[in-house]
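In order, the protein sequence lines correspond to chains Z and G. Every letter in the first sequence is one number past the one before it in this note's numbering, and letter 106, counting from 1, is 106. Every letter in the second sequence is one number past the one before it in this note's numbering, and letter 17, counting from 1, is 17.
The hints are simulated quantities; they were obtained by calculation from the structure and are not laboratory data. Treat the hints with caution; some may be incorrect.
Stated by the list, open to error - Label pairs and their computed distance ranges (CB to CB): (1) Z/G147 / G/K17: 55 to 61 Å; (2) Z/P174 / G/D63: 44 to 50 Å; (3) Z/T26 / G/A224: 36 to 42 Å; (4) Z/E42 / G/K83: 52 to 58 Å; (5) G/S164 / Z/E42: 44 to 50 Å; (6) G/D220 / Z/E45: 54 to 60 Å; (7) Z/G27 / G/S90: 51 to 57 Å; (8) G/D220 / Z/G56: 58 to 64 Å; (9) G/E168 / Z/P174: 22 to 28 Å; (10) Z/G70 / G/N154: 30 to 36 Å; (11) G/M237 / Z/E144: 52 to 58 Å; (12) Z/D53 / G/S44: 48 to 54 Å.
Note that this is a predicted model, so its numbers are computed, not measured. Glycine included, C-beta positions come from ideal geometry on N, C-alpha and C.
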Amino acid sequence: MAKKITLPLTDEAIKDLKAGDSVLITGSMLTGRDAAHKRLFELIEKGEKLPVDLSGEVIYYVGPAPAKPGHAVGPAGPTSSYRMDKYTPALLDRGLKAMIGKGARSPEVIESMIKNGCVYFAAIGGAAALISQSIKKVETLAYEDLGTEAIYRFTVEDFPAIVAIDSMGNLAAPSLIKK
Amino acid sequence: MEIRSINAQTITQTVKKLYMDMNYFIGDDILSALKNAQQNESSSTGKAVLSTLIENNRIAARDEVAICQDTGMAVMFIEYGEKVVIENGSFEDAVQEGVRQAYIDGYLRKSVVDDPVFERINTKDNTPAIIYTTIVPGSKIKILAGCKGFGSENMSAVKMLTPSAGIEGVRKFILDTVRTAGPNPCPPIVVGVGIGGTFEKAAMLAKKATLRPIDTKNPDSRYAQLEDELLAGINKMGFGPAGLGGDNTALGVNIEYFPTHIAGMPVAVNICCHAARHKEAEI
Ligand code: SF4
Chain Z
1 MAKKITLPLT
11 DEAIKDLKAG
21 DSVLITGSML
31 TGRDAAHKRL
41 FELIEKGEKL
51 PVDLSGEVIY
61 YVGPAPAKPG
71 HAVGPAGPTS
81 SYRMDKYTPA
91 LLDRGLKAMI
101 GKGARSPEVI
111 ESMIKNGCVY
121 FAAIGGAAAL
131 ISQSIKKVET
141 LAYEDLGTEA
151 IYRFTVEDFP
161 AIVAIDSMGN
171 LAAPSLIKK
Chain G
1 MEIRSINAQT
11 ITQTVKKLYM
21 DMNYFIGDDI
31 LSALKNAQQN
41 ESSSTGKAVL
51 STLIENNRIA
61 ARDEVAICQD
71 TGMAVMFIEY
81 GEKVVIENGS
91 FEDAVQEGVR
101 QAYIDGYLRK
111 SVVDDPVFER
121 INTKDNTPAI
131 IYTTIVPGSK
141 IKILAGCKGF
151 GSENMSAVKM
161 LTPSAGIEGV
171 RKFILDTVRT
181 AGPNPCPPIV
191 VGVGIGGTFE
201 KAAMLAKKAT
211 LRPIDTKNPD
221 SRYAQLEDEL
231 LAGINKMGFG
241 PAGLGGDNTA
251 LGVNIEYFPT
261 HIAGMPVAVN
271 ICCHAARHKE
281 AEI
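For reference, chain G alone in the conformation it holds in the complex (with noise of 0.2 Å):
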């Protein structure tokens, strides 16, 4: 069996300019989504607060600061080659290096506390990060890296839906979720919905959909289908851009689905702002 080494310090450096970078600039598939929904807001609040999120996304990569102040907690989904060994360093110790030295050398907010209910003191350098590895064929790695901001986690849900539910059960609890959050996920957001497994796994998947680019469709056609019907049901709603009204309250929705048990349909909702930043690579 052929073995590959990867250097510790290239997987550091791939994981650091990765951040930098998803904070810096905005994806195509965002920016040009925002600038079809200002052509055809007919709010015109909406139409401003649009063309001001595309004049940021300039501003932040032409002086390479972060477009938004809440840069997140990173999560990475990993497929780690099973002919790769690691040189000098341990790959999670590398992972999370290239994390802490992109919010420090890159002046990016760092957001994490240690422990969730106590003391909740700062880490100083944005980690732990939150990495999903698996294991595959081949000598590569391939990671997909997002960082998510709380104003919109804050609204994301999971519901252990069961199989009588149907198609109607699972439009009715997203749409429901996108309602409740309303105008503080700072719309125009981005719908990730993660459908079977099991309660964990979909709540991954949700999070693994926020991180497609939202100019893909799930491959399925019914799933597609189901993601055309849910944006444009969203988009009745008339959150509009900021929350202040308008034709513009979600600019994706990306679904993942999974097997799942003969009694069960879990359903996970995890919205994502128009900020959403997300970048892969492969070593």
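Just chain Z, same shape as in the assembly (with noise of 0.2 Å):
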């Protein structure tokens, strides 16, 4: 059975999640993938504000297909976490709380997560037009010239995504921290 959370997420249900747990997630949360990461880390390698203010929130790794019109959005799955993990621990260090994306994260990403009580959600690859119809609304935040790369805010209602790596460094799957 799926387990119900809603966003923000508190510091008490991240300790309740635990790696291997099926959820449906409820609430608002940002997107953003490859060339956001890159700017958002270079804002803040030069101590700069950022366009959004990452505390307690929860970040989906994802680059949507065009809304067909009467869609909220196109197809959004996943797309593959070991991209960003260079970006990670500084992100965290900033106060976001969870990420959602598919596949392994490296080991610097799993220390900063467990130092910072932060949860790794897998969203399943490739099931982007299913994933799709739990995303109601979507408003562009940031970095709007990256096209499907901006940085969205998203407003899901039971998303579907599974516990991969729990806030204590527990693994889903042996094969989630890349070696």
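Relying on the hints, combine the two individually framed chains into one complex.
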């Protein structure tokens, strides 16, 4: 049975999530992938203000396809998380609480997750049409020029995911740590 | 010699339809492999993931939306009959225009950037497509089309093995590549293998292998057997559906081979995800 969770996530709720749990997520989350991460990271390195406040947020690694008329969003499944690994610890230090993506994470990311009390969810790669049905509203927050790679705010209802790495660093499957 | 004229518009329309259809409607080969996998999967998470993927394919076909948001880079292998002349345009432009229209009118994601290293500006219509054309006898045009997502493309590899590596070396390189890819390329995957030729020929064969339906076998029984062995070996790795553990890491392994040099044995492994989109048309 999937556990229903709502955003924003409290520290208590994060502690309750165990690797392997199936969840249905309701609430609002940020999106961002390669290009947006690069920009955020460069601003953090320069000590400049970010265009979005990361504290308490969940970020979904996704670059949606265009929406058909009458649809809130186009197909929107997860992209590979390891490409964000280089930038992730800096974002977690800025208060980001959870990430949604697919595939393995680096030991550095997992260490930073434990330190900051964060959770990493896996969405099912390639299940983009199905996942998009749980996304009810989309607003552009920053980096509109990046098109599909911009930072959006998604309002979701019962978004399906699995706790891939929990806040203690436990893995849902051994291959989720990048060797 | 009898010449056949084909209107550029016909080519554009054919390519457009191929790309829209392949992105909305998963092939029967993949769908039945997913259903089989769902039946025999022993991990309960794996079973649930496979059911989700089957349901995803149903929703995509019902709503005519893309199966996966990464609608890939377009790649085509085209056999061009030497008796064909193109009217009202050029062949290359007509094919590219078909891709452009499919991605714009079909609500498919535009994922191509103009230069790989510097500005990386999106071309906004998913062109250029990569087109490999061979001239063949006859008066037809045959298009084998695929779109390749990069989650799995990034996990692919080529190695210049030498003859002494033998079949053991080939096996090891293929399995190592799949093991390194692990959970990232959206398992259950389809593995395309190209063996022989030159450096680039092996890679092209591997790509072409990913476009062959997975319910077919290499006609040479030795290679067909290698396909079976590799599939069994990969499915013992345990990555499972979505990389969350289970018996189904791959749905199929397709091998294509070609003559090679006395000193060489190039091997290329092109990894493709379960959204293995490919379609053929003949004009
Ligand atoms: S690897 Fe395939 S299924 Fe996964 S996100 Fe990329 S295109 Fe989609």
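Structure-based check of each hint:
1. Here the CB-CB span from Z/G147 to G/K17 is close to 25 Å, at odds with the stated 55 to 61 Å.
2. The beta-carbon spacing between Z/P174 and G/D63, approximately 36 Å, falls outside the hinted interval of 44 to 50 Å.
3. Taking the beta carbon of each, Z/T26 and G/A224 are about 49 Å apart, not inside 36 to 42 Å as hinted.
4. Our hint of 52 to 58 Å for Z/E42 and G/K83 holds, since their Cβ atoms are close to 57 Å apart.
5. Range check, G/S164 to Z/E42: Cβ separation about 48 Å, and the 44 to 50 Å hint holds.
6. Between G/D220 and Z/E45 the C-beta distance comes to about 55 Å, which sits within the given range of 54 to 60 Å.
7. A beta carbon spacing of about 52 Å between Z/G27 and G/S90 agrees with the range 51 to 57 Å that was offered as a hint.
8. In this structure the hint that G/D220 and Z/G56 lie 58 to 64 Å apart at CB holds, the actual value being about 59 Å.
9. Restraint check, G/E168 to Z/P174: a C-beta distance of roughly 26 Å satisfies the suggested window 22 to 28 Å.
10. Under the hint 30 to 36 Å, the C-beta atoms of Z/G70 and G/N154, about 34 Å apart, fit the expected range.
11. Taking the beta carbon of each, G/M237 and Z/E144 are about 42 Å apart, not inside 52 to 58 Å as hinted.
12. For the pair Z/D53 and G/S44, the beta carbons lie near 39 Å from each other, so the given range of 48 to 54 Å is not met.
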